[in-house]
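S.K.: Let chain X serve as the given structure and place chains H, R and V on it in line with the hints.
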Amino acid sequence: MERFSALSLARKAIGGHLGWKPQWRSVEQPKKAYDIVIVGGGGHGLGAAYYLAKQHGLRNIAVVERGWLAGGNTARNTTIIRSNYLFDESSNYYEHSLKLWENLSQELNYNVMFSQRGCLMVAHTVHDVQVFKRHVHANRLNGIDNEWLTAEEAKEFCPPLNISPNIRYPVLGGALQRRAGTARHDAVAWGFARAASDMGVDIIENCEVTGITRAADGRVTGVETTKGPILAGKVAVSAAGHSSVVMEMAGIRLPLQSNPLQALVSEPVKPAFPTIVMSNTIHAYISQSDKGEMVIGAGTDSYVSYTQRGGLHIPAETLAAICELFPMFRRLRMMRSWGGITDNTPDRSPITAKTSVPGLYVNCGWGTGGFKATPGAANLFAWTIAKDEPHPINAPFTIERFRDGVMIDEAAAAAVAH
Amino acid sequence: MSDALTVSRPGFTATPVRGGRRFSLQGRATTLNGTAKALGLAEVPAMLGTAQAGKCTLLRLAPQELLILTDDAGLPGKVTDYLATVPHSLVEVSDRQVGWTLVGERLHDTLAALSPLDMRARSFPVGCATRTLFGKADGMVWRTSEDTFHLEVWRSFAPYIVAMLDAAALDAAW
Amino acid sequence: MSRSFRVPGRGRVNTRRPVQFSFDGRTYQGCEGDTLASALLASGKHLMGRSFKYHRPRGPISAGSDEPNAVVAVGAGPALQTPNLVATQVEIHDGLVAQSQNRFPCLEFDMGAMNNLASPLIPSGFYYKTFMWPRNFWTKVYEPIIRRSAGLGVAPTAPDPDSYAFQYTFCDVLVAGGGPAGLAAALAAAKAGAEVILADETNEFGGSLLSDQTSRIDGMAVSAWVERTVAELAKLPNVRTFTRTTVFNYGPHNMVALNERLTDHLAAPNPGTPRERLWQVRAKEVVIASGAIERPLVFEGNDRPGVMLASAAQTYLNRYGVACGRRVVIATADDSAYRVALDLLDAGVQVAAIADIRVAPDSELLRKAHAAGIPVLTNTTVQRAHGSQRVHSVELAPVLPGGDVGEGKHYRCDLLLMAGGWTPSLHLFSQSKGKVVYNAELDTYLPGESAQAERSAGSCRGLYDLGEVLADGLKAGAEAARKAGFDGAVDLPLWEVRADVVGRGGFTGALPRRGKGLTAMAFVDYQNDVTAKDVKLAVREGFRSIEHIKRYTTTGMATDQGKTSNLNALGIASSALGRPKQKIGLTTFRAPYTPVTFGAFSGHERGNLFDPDRRTPIDSWARTKGAVFEDVSLWRRARYFPHPGEDMDAAVARECLAVRRSVGIFDATTLGKIEVVGPDAAEFMNRMYVNGWTKLGVGKCRYGLMCRENGFVYDDGVVGRIAKDRFHVTTTTGGAAGVLTMMEDYLQTEWQDLDVWLTSTSEEWAVIAVQGPKAREVLAPLVDGLDISHETMPHMSVKEGTIGGIPMRLFRVSFSGELGFEVNVPSRHGLEVWERIWEAGRPFGMTPYGTETMHVLRAEKGYIIVGQETDGTATPDDAGCGWAVSKIKKDFVGKRSLALSAMQDPDRYQLVGLLTQAPQEVLEEGAQLVADRNETIPMHKIGHVTSSYHSATLGRSIALAMVSGGRARMGETLFVPMEDRMIPVTVTSPVFYDAEGARLNV
Amino acid sequence: MLLIRCPYCGDRAEVEFANAGEAHIDRPADPMSLSDEEWAQYLYMRDNPKGLIAERWRHAHGCNRFFNAIRDTRTDRFVTTYEIGQPRPEVTPEQAEEAAR
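Chains as they are written, first to last, in my numbering: chain X, 28 to 445; chain H, 3 to 176; chain R, 48 to 1049; chain V, 911 to 1011.
For reference, chain X alone in the conformation it holds in the complex (with noise of 0.2 Å):
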C-alpha cells in the first residue's frame, strides 16, 4: 500500500496524477471458501474486517456488499461522534470507539477529517437539566469529558444560539462533550477498505447475499449470494437496516424494527457554526461540514420502511426546531436531502453478539447512532468473531438481555415525565 502524504501527492502531481493505484482492490468474483464472511461493507463491515486482519492476524477474509461500498447509513448520517452516554455500558462502548476515531487517519493512513469541535446538548426544562446533569456526573466518573455550560456560556461557546428567554422553549443550559466531533463518512469506509484490502481482505461489491448455509449440527457454512455460493467458517452480519432480513435466513428472528431517517443538508456558506448542538426536546440536531453545508438530522417516521425516504413533514418539523434556536438561519436552503433505513431495537441500544446458531455473529441495531460507533464496533466485532466470545465492553449488547430483562436503556433513562 502506498502511503499517502503531502509529498505522495507532489510527486505524483509531477506525473499528472497517472501514477495512482486502486485504493482497494475490486475482486468481482469471491473465492470458492474464506475463513470469515462479513456480510455489508459500510464502515462497520469493513472496520470489522480490517481489525480481523490487524488485530487477529485472519487474512481469509471477504467483505460482500449488496450495491456499492458504504453506500447504506455509512453514507446517509449526520456524522455525529460523541461518547456522553449514561449508562457504563454504552458510554464504555462509545468511549472505546472515540478513543479509536482520534487516531483512526494516522492509523489507517487516510485522513477520516474527525474534527473534535464538540457537542452540546441543550436543556429547554428543568427535567432536561437533571438528566443532562446526571450524564455529566456519570462521564465524569467514568473518565468521559463532559460539562456543564449555562445558558451564556452555551452561547458563547456558539454564538448563533438563541438563549432568549422568549422563545417557546428556552435553552437553560447544556452539556458540551468537547471531544466530541464530526468526520468525513465516505472516508472511514473507504480507508479501512484500502487497510483491509491491502492485509489480503477480499472486497466484493455488487454481491448479495441471499441465504445463510448451515451444516445438519446447525453450524453455519456459508453464505449464498447472486455472485454463486461461498464456503464461510464463520459469517459475520453487519448489515445495519437490512440485519433482520438477512438474519431472517438463517431463521433468526431478531428484535429489530427498520424505520426511515431523514436527513439534509443547506447550500454550503462560510463558517458559520463552530460545533454540533443537539436539542432532544425539540429534536434538532446541527453542524457544518468542512464544504460549509449545514448538516441537520431530521427525526425518523415512525413505521417500518425500506425505501430510504419518509413524509417532509419530518424534516419541516426539524427545520422549524433549527429556526427557533439558530433565527438567522431561517434565510438558508435546503439543497439536499435524503433518508436512511436505521434499525432499531427496544431499548435502542446496540446487539454487537454471538448468535444461537454456531459460527453466526450479528452486529445490529444501531439505529440512528451507528456512525460514532464505527471503529469501535469494528473493533469489538472483530474481537467476537475472532475469539467467538464477546470482549467485556460488547458483553452486555447481546440477544439475550430482552429475554433477561437487562435491557441497556439510555432513551427510557432520559424519559420524560412529570
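To be clear, the hints were calculated from the coordinates, so they are not data collected in a lab. Do not rely on the hints blindly, as some may be mistaken.
Listed next, the stretches of chain R that the computed footprint assigns to chain V, with coverage defined by at least 3 CB atoms under 8 Å from CB atoms of chain V [stated by the list, open to error]:
1. 298–311
2. 786–792
3. 796–809
4. 935–943
Pairwise CB distance ranges (calculated) [said to hold, decoys possible]:
5. P999(V) x N317(R): 49 to 57 Å
6. L258(X) x E488(R): 44 to 52 Å
7. P197(X) x W180(R): 42 to 50 Å
8. L258(X) x V548(R): 41 to 49 Å
9. E1008(V) x A175(H): 37 to 45 Å
10. K482(R) x L34(X): 41 to 49 Å
11. R373(R) x S191(X): 54 to 62 Å
12. P999(V) x G278(X): 24 to 32 Å
13. E1008(V) x W180(R): 31 to 39 Å
14. T253(X) x K482(R): 13 to 21 Å
Heads up, the beta-carbon is just placed ideally off N, CA and C, and yes, glycines get one too.
M.R.: Frame of chain X; chains H, R and V shown alone:
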C-alpha cells in the same frame, strides 16, 4: 375562556360558540342506535355523519362514540332512561373543549394552512364532522352549511388555535 | 464596458421601465422583467462569481435554475443578505442589492485564485491523503483553512424578519412545469373537468416558447399562443396557476411539495405578505412536464466567462433582449444550436464559426446556416478556450480518423456557446421512485415505468419536436384527468405547428483533444471545480460506482445538484471504466429540485406558535401574582411565586412552611384525567394497573401505579371510584396522552370483550389543591353543606357535590403529606372557584405555591415522581412501591416481566433517602454515588441523586436517590464525588417527615 | 406523507396517524405460564420484512381507533387496511405485484 378568543380578518372570522353542553357517549353499535332511536331518529348517524334530534345534535366521531351537543338543559330524560338499561359510558365534556363558528370567503385557505384534511365540498359535504389535526392541536371540525364550519379544540389549545388561524387568515390574502 | 448589449425590439422585458440595482457596490440599470443575470449581461458583464475550490472567475452558463456559476448574495444587512441565490433566477427590482461571493478582496482580483496555481497539488480527494501530521494540526490548522476557503456565501447573522406561509391543498391533476407540454396538459385535464394545478418555477408560463422567435402554432407566434392558452386557463374555474413556484419534492402517495416565492421580486411588497409559501399538494394524478436542460461540452477553458450554453444565449436574446456578445463561436453536437446561430445573426451578432463535433450532421437548419454564410466546421472539436475574466478566442480543431485531434485554428470571439444536447429533467420522476431507463438512441436516461400516479410529458421524456411535445402534453393531461375519474369525451385542440426540428444529436463526456492534457482544466461540475481529469483520477483510484465517483470528486454535489454535470460525468466515467453508461447508472436524484428556504418549511411554527403553549384557567391569576413558570410537556406551570426580593430558594422555603403550618393552594389542573366507565371498569383497571381494584369501595381513592409490559414503571396517579362502574383516573401531566393511548391499545386490540370505555377529562376539570392543616377549615364553608369531616371523608376518599353552586368532585388526597383536598370543578369555573377559595383562605395565611414547592413537600414525604425518581428502567419495587403491587392478581400489564430473575436482583437500584453530613449542603440532582471515596477514575458508581432540596420544614437538606441494593444500606456512608470535592452522605429511609402519616389522618 | 385509509374515516394524511407496530401479535392468555424465552418472543421479537408487512396503525387524530394494514415496506404502498380482530387477509399475486411497483 374562549370569549376573548376571536379571529376577525378580511375574509375570515372565527366567533366563539357560547352556551350548550357536550356529552361523550360511548358504547357498542346497538347502544348508539338505541340512543338515536330514543331521540326519535331512525338510526345513529353513519361514521363522520351528524344528525339533529330536537335540541340534540349527534356527531358520530368514532364507531363507538357519539359527541352529543345539547342546550343548557342537557340530555333529555328519555336518553338517560334508555342508557340506564344498557352498557355504555356517558361523560360530560362541556368544559373540555371550546368551539368557534367559522365563516368567510378565505375560510378554506385559512383552514388548509392548519389541517391536512380534504375539506372540499365533494369530500366533506354539509353535515360531515370529524376529528383531525390543526397545526399541532387535535381538533374537531363540522361543516354546518355550505359556507360555515364549526371547530372545536381542547380548552388549553384555544389561544394557539386562534393565533394560528389569525396568522393563516392573514396569509390567505396573498 | 459601457455599451449596452440590449437588442432593440427583442425580448419580453419592458425597456420603458428601467430598474436600478447594484452589484458589488456599483449601480446598474436593467429593465422590468430582467433577471439579475440578464441585466448584468445587458451591461456586458459576464463575470459574476468565483468557483468553490479554485476561485476561478465565472459567468453564467445558463439562463435558468440549472445555473452553477452565477451564484450571488442578494439583499442588504445582516438579516436580509441571502447567500447563494442564482443570478439567472433573481428578478431585479428597484433598489435590489447583490454581491458576488467567495472572493477576497473583490471579484475581479481574488486572492483565493492562488488555489488555481496549486491545482496540480489539490486534485480530487487530496484531503484524504494529506493533513494527517502532526495529529492535532487537523482541527487546529488545516481544517480551519479548508473551511475558510470552502463555502460560498455568508450566512445571515441576524434573525430573518420575514414570515412564511404554509398550505395543504388537493387537486385531481397537478402539472409540474408550464412550458409547452405543461400548458397543453393543464388545458386538456381542465377541459375534462378535473381540478388542475399548474406550476412553473419562473415568472411566466411558456418555458422554452418564450425563447422561441420562429416557431408558429396555428400560424401565430408561439408567444401569442402562450398568451392565448394562459388566458384560456385563467378563465376556467377549475384551474389554479402558480408562477415563481417550484415543484421541488415528489413524496410518497402523490404528495407533492411546491415552493411559491411571493415577494423577492418586488421592490416594496405589501407589508404582511409572506416571503414564500410552501404547498403540500395531494394530487390524484401528476403530469411531470419539467423539460430538459442543455448539456455543456467539456473542454479546456469551458468555464471562462463568456462561455455559455447555446440555449441560454437564445433565451437572453429572445426573452430578455440581450445579446451576450458581439462575436460568437458555437460548439455543438446538436441541431438546435444552428437555430441559435441564426437568431443571433438576425440580431446583429457576428457568428464566427459553428464547430460541430458530429462527422456529417445534416438538417434543414444546417443548410439555412450555410445559406446565411455562417462557417460550419464538422467533425470539429474545441481544443481550448482562451481568456481569463472573459473568453477572447477559441481553438477549434479537426478530429482525425482514428480519433486523434489535429492542429486547429484560433477564432477570436467574446462569446462561446456550447450545445451538447439535451438532458431530460428526471428529478421529480426519480423522486417518485420511478426507475430511469437508458435510451441508446438519445444517449440519455428517460423515465421508465411509473411507480406512482404520474406520467411525464414533453422534453423531460426525450421529445424535442414542438408538435410532438404539444401533442404529448395534451395526451398526458387527458389521461391524467381520465385516471382521476373524469372520463367524459373532450374535444381537444388540434394545433397546427410549424417549428424547426431540434434536439437531434448530443454528446456526453469530454470532447476529444490533442495531447494528454495533463494540466488542462476541462470542467464537468463548474461550481465544485470538478474536471474531467478528476473523474478519471477517481476511476484510476478504484472508485467504480458512479456514487463513489460522485462522492470522491464531489461532482453533482454543488448547489445546482449536478443538473448540467451528471451526464458528462457519467460519460467520462464510462470511457474511463470501459463500461457502457447503462451499466453504470445515474446517481440518485435527491429532493429538493432546487434549494428551498428553511423558513418556508417552518411556516408559522416559530416563536410562541412553535408548539402549543397550554395554559390552565388559573394561569392568568398566577401571572398577576408574579409566578415564575416552567414548561412541563406542552403545559406552562407556575414554578414558584416569589415576593419582591426573593429568589427561588427563599420563595420555596416560605411556600413550604406555609403549607406545613397553615394552608397552601396549588394549581393541579394539568394532571391527566381519564374517566373509565362501564360494567367491566374494575376488571379493566385490574388488568392495567399493578394494584387491585375490585375491593376499592365507591367513594374511595387509591394510589395507582402502572407498568409497561416490560415491567418498568410507566405512570402513576390517584384513582377515585365514583360509582361501581366509574373510575376517575389521574395521570402525570406528561403521561396523560401516553396512558390513554396505552389503555386504548389494550382495550381495542386485546380485550374487545370488555364493556368499558375511556374518556379523556383532563381539560374538563380544573383542579385546585388545598393543602395544609387548615385546608378543611378553608373549604368547609364553601362546599354547600357537604360534610368533609375526617369521619365522613377520611384520607383517600372522594365525594361529589357543589361549591358555590358549581358542580364539584372533591378528592381528599395529599401529595404534600398534610391534610389536603383537590377540588375538581368544570374548567370554565376554575378561576372563579380558585379566587373564592383564595379569598376564604386569606385569613388563614393561605399561600399559593408552585411545582417547586410541590416537589419539596412530596420529597420530604418520600413520594416519588415518575420520570424523576424513576426513569423507565425502574420497577415498582425499585421505586419503593412494591407494596402497591397486587400479589393475588393472576395477571396485569407488566407482571410477567417482573417475574424475570433480573427484576429480583438484590443489587437493583432502589429508592432511598440521603442526608448530607453538612446539613446545609444541598446535593446536585443527577450527582452520582460511590462507596469508596479513594477510588480513582473510573469510579464504580452505585447510584445517583434523583431529587435534592433544602427542606425548610426540617431545617436541612434532603435528597432522594436510587442506589444499588439501597434498602440494605440504611445507615451506610456513601460519597458524592463532585469536581472539586467528595461529599459524604448517609443512606436513610426516603421518608423524612411524618413517617407514620399522622398529619394525613386529621 | 403517506395517505392512509382508516377503515372508519377513509383516506387521511399520515400526520393523523400513529404507527403501532406489528399486527396479529396476541397477548398470551396466561403470561405467567410462559418461559422467559417465549415471553421475550411475544414482547420484543418482530417481523421486520422487506416486503409485505401486517402492521397496526392508530387514527390518533381522528376516530382514535386502532386498525391493521398490509403494506409493502419496499414501496410504502398499502394493499389494504382492515379492522382489528379480522384475520390477516390473503394477498393475491396481483395485489402483491401492484404494491411492489
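S.K.: Output the numbers, in ascending order, of every earlier hint that fails for this structure.
M.R.: 8 and 13
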